[in-house]
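Asks: These protein sequence lines map, in sequence, to chains A and B.
Residues in the first sequence are numbered consecutively from 1, following this note's numbering.
Residues in the second sequence are numbered consecutively from 1001, following this note's numbering.
Careful, some of the hints might be misleading.
[What the hints assert, rightly or not] Only pairs whose alpha carbons sit at most 25 angstroms apart, straight line, appear in this in silico DSS-like list of lysine-lysine:
#1 Lys-83(A) <-> Lys-128(A)
#2 Lys-123(A) <-> Lys-1016(B)
#3 Lys-1253(B) <-> Lys-1222(B)
#4 Lys-1016(B) <-> Lys-116(A)
#5 Lys-83(A) <-> Lys-123(A)
#6 Lys-1270(B) <-> Lys-1093(B)
[What the hints assert, rightly or not] Beyond 10 angstroms from chain A on every Cβ pair, some chain B residues (computed):
#7 Gly-1097
#8 Ser-1216
#9 Ser-1234
#10 Tyr-1305
#11 Arg-1331
#12 Ile-1339
#13 Ile-1368
#14 His-1392
#15 Phe-1422
[Said to hold, decoys possible] So the derived list for chain B, only partly shown, Cβ under 8 angstroms to chain A, looks like this:
#16 Gln-1024
#17 Asn-1266
#18 Glu-1336
#19 Arg-1340
#20 Phe-1343
#21 Gly-1344
#22 Cys-1345
#23 Ser-1346
#24 Glu-1349
#25 Ile-1440
Please keep in mind that the hints were generated in silico from the structure rather than gathered at the bench.
Given the structure is predicted, the values throughout are model-derived calculations rather than measurements.
Where is the CB? At the ideal position from N, CA and C, for every residue including glycine.
Take a look at the letters that make up each chain.
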Amino acid sequence: MISLQGVGKVYRTKEIETQALENVNINVEKGEFLSVMGPSGCGKSTLLNIIGMLDLPTSGTVLIDDIQTAGMKDRQLAAFRNKMIGFIFQSFHLIQSLNVIDNVEVPLLYRDVSAKERHQLAKDVIEKVGLSHRIHHFPSELSGGQCQRVAIARAIIGNPEIILADEPTGNLDSKMGGEIMEILHKLNKEEGRTIIMVTHNEEQAKQTTRTIRFFDGRQIV
Amino acid sequence: MYDFYFSKSMKTNYIKQVWRYFRQDPVVSIVSIIGTALAIFLIMVIVMLQEVKVVPFAPESNRDRSLYSSALVARDFKELGSWSGAFGLYMGKKLYGNLKTPETVSFYQAWIQKPSTVSSSGSVPFLADNKGTDANFFKVFDFDFLSGRPFDNSDFESKKHVAVISESVARRLFHSINVVGRPIELDHSEYKVCAVVRDVSTLTPVAYAQIWIPFSTQSDYKVQTISDITDIGSSMGPYAIVILARKTSDFPKIREEVMLNYKRMNAQLKSKQFYLDRMNRPYTQSFKAVQPYENEEFSMISYYYRQGVLILILLLVPAINLSSMTQSRLRRRVSEIGIRRAFGCSRREMIYNIIMENFIFTLIAGLIGLILCVIFGYFFSTTFFDEAFTNHLGKPAVSLKVLLNPVIFLFTLLFCFILNLFSSSIPAWRASRTNIVNAIGGVNH
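Turn these sequences into a full structure, and let the hints steer you where they fit.
Replies: Below, the structure written as structure tokens:
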């Protein structure tokens, strides 16, 4: 499903050059739930950004669903991202001016889906994450756990094959974190979605199919 | 293929989005909209001031197929100078009276020098603007006759003392508009009312007067012959000419006829030590409306250039204002831009999104500007247009129908569009170039 070969990423400023990733080789099978662990600043999020095509690698190749992402034009990348990938961020990153249902609908705005259909699909996924009673609320009116549920609903509404979760429980207490993990496992097991999750939590990592570890931009396990 | 840009759901989305920003920051939004509306209003005032001079409206409904000549320019052979003035009857008739191509040619008093005193038996005398015309005048202009009919050629030739009066003059004299045949006293001469017409706006200056009489009945009327033309002064007089063409495509042919007449006349004038300079007359309505001096060359191109520069400056002010507003709004939305891009919005869609949202803002401002124009034109038309048309007793009234001309409305929309492009394209382009990862984190680069 996902194949990274010799991927490297260097951040350059006028003064300094930082090697964020170095010669990363990863293969992720369809339906896998992979967790990525490592200390802060080791390149976990950079890895996720590269897989999610939010950032470009400095070297190496990235294949998603056997498709080479390098050289894609912005429009192709956007469409590919829209179809293939759903993101869940640690800080939720909901659009504050939109209510729950409008936030969830965002990925479908860039597809040929009628407003009515979009609305129905959004309602369905919101129900799936257990927030049907909050659809007209704004993010500022929700708890952290509820915001993350909205973010999950947004990530899955477009039915993407891959879900990239960057510390999805990092800002939540253990109870809410547990609930979010439950939803992710359900998505993986029942719907067969491929999930790559960055986490600092060993317990959560243990529950996933496989764990890879990073240190100073290098994959160590 | 899915048409993102014009899909119904996206259009609804833009409107919803604009409404949300409006609610989020009402003060900034209102200031931005009002500022833009006022700028558009200002531009529209300039356009409207121009438009009322050019667009056809009653009784000058045929402006688009009319040609005008209101000055005779004469130069002496010694190149000592040039003179310009209205036409004497002889020159006018020789140069314009025999044209074959037009539908009709009319001679009229070029200006209303001073108002006439008018009264009827039992009424208090008052001043009214009086214009001498020929009978064709009422064929060129479509006056709204409330009663009676205009004087005809035989009335004109027989110097019959008849007058067409405006509705307000009729009411002031007789408290009625059914006054055909009633006598009035006009500058101590008796005339009979032959018709009453609806009041004419001073914004139609050629047709405008409050009383129209055959100029053959005026004291300075004199039939001239060539022997009367002894010098430049004697070739001039008080008359101007309006030519009604059958169609605008006849204009070149009419001008050619006029040119031949000038040639013939100049051949006759050789012994008089002066010649007539046609200076491309007769003029169209749009040229006549902006031409400042009768005897100086005037370039429409440089006029439009100057007007264009002025409008551009007026347009740039709100554009800069809107641009900085858009920029600051986008700075606050940088994270949203990142999120949208992460979930499948392309750069081009992002630019389009921002431009569309801004367009809705400018469209609202444009509509407010247009409404301001109409309110101003309707309720304050007297003061609004007075400056340009000060010398008359009548009102510079203009109907809403003229102000709501689709051309003006399209102008407003065009202004909105240009303003929108000026103000939003650079911020939108910059926003679309923001690195997605940085943008999600709220970093604007």
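Asks: Next step is simple, just say for each hint if it's right about the structure.
Replies: Hints versus structure:
| no. | hint | verdict |
| --- | --- | --- |
| 1 | Lys-83(A) <-> Lys-128(A) | holds, 20 angstroms |
| 2 | Lys-123(A) <-> Lys-1016(B) | holds, 19 angstroms |
| 3 | Lys-1253(B) <-> Lys-1222(B) | violated, 31 angstroms |
| 4 | Lys-1016(B) <-> Lys-116(A) | holds, 15 angstroms |
| 5 | Lys-83(A) <-> Lys-123(A) | holds, 19 angstroms |
| 6 | Lys-1270(B) <-> Lys-1093(B) | holds, 19 angstroms |
| 7 | Gly-1097 | holds, 70 angstroms |
| 8 | Ser-1216 | holds, 74 angstroms |
| 9 | Ser-1234 | holds, 79 angstroms |
| 10 | Tyr-1305 | holds, 40 angstroms |
| 11 | Arg-1331 | holds, 14 angstroms |
| 12 | Ile-1339 | violated, 5 angstroms |
| 13 | Ile-1368 | holds, 24 angstroms |
| 14 | His-1392 | holds, 56 angstroms |
| 15 | Phe-1422 | holds, 25 angstroms |
| 16 | Gln-1024 | holds, 6 angstroms |
| 17 | Asn-1266 | violated, 70 angstroms |
| 18 | Glu-1336 | holds, 5 angstroms |
| 19 | Arg-1340 | holds, 6 angstroms |
| 20 | Phe-1343 | holds, 4 angstroms |
| 21 | Gly-1344 | holds, 3 angstroms |
| 22 | Cys-1345 | holds, 5 angstroms |
| 23 | Ser-1346 | holds, 4 angstroms |
| 24 | Glu-1349 | holds, 7 angstroms |
| 25 | Ile-1440 | holds, 6 angstroms |
Violated hints, listed in ascending order, are 3, 12, 17; each of the other numbered hints is respected by the structure.
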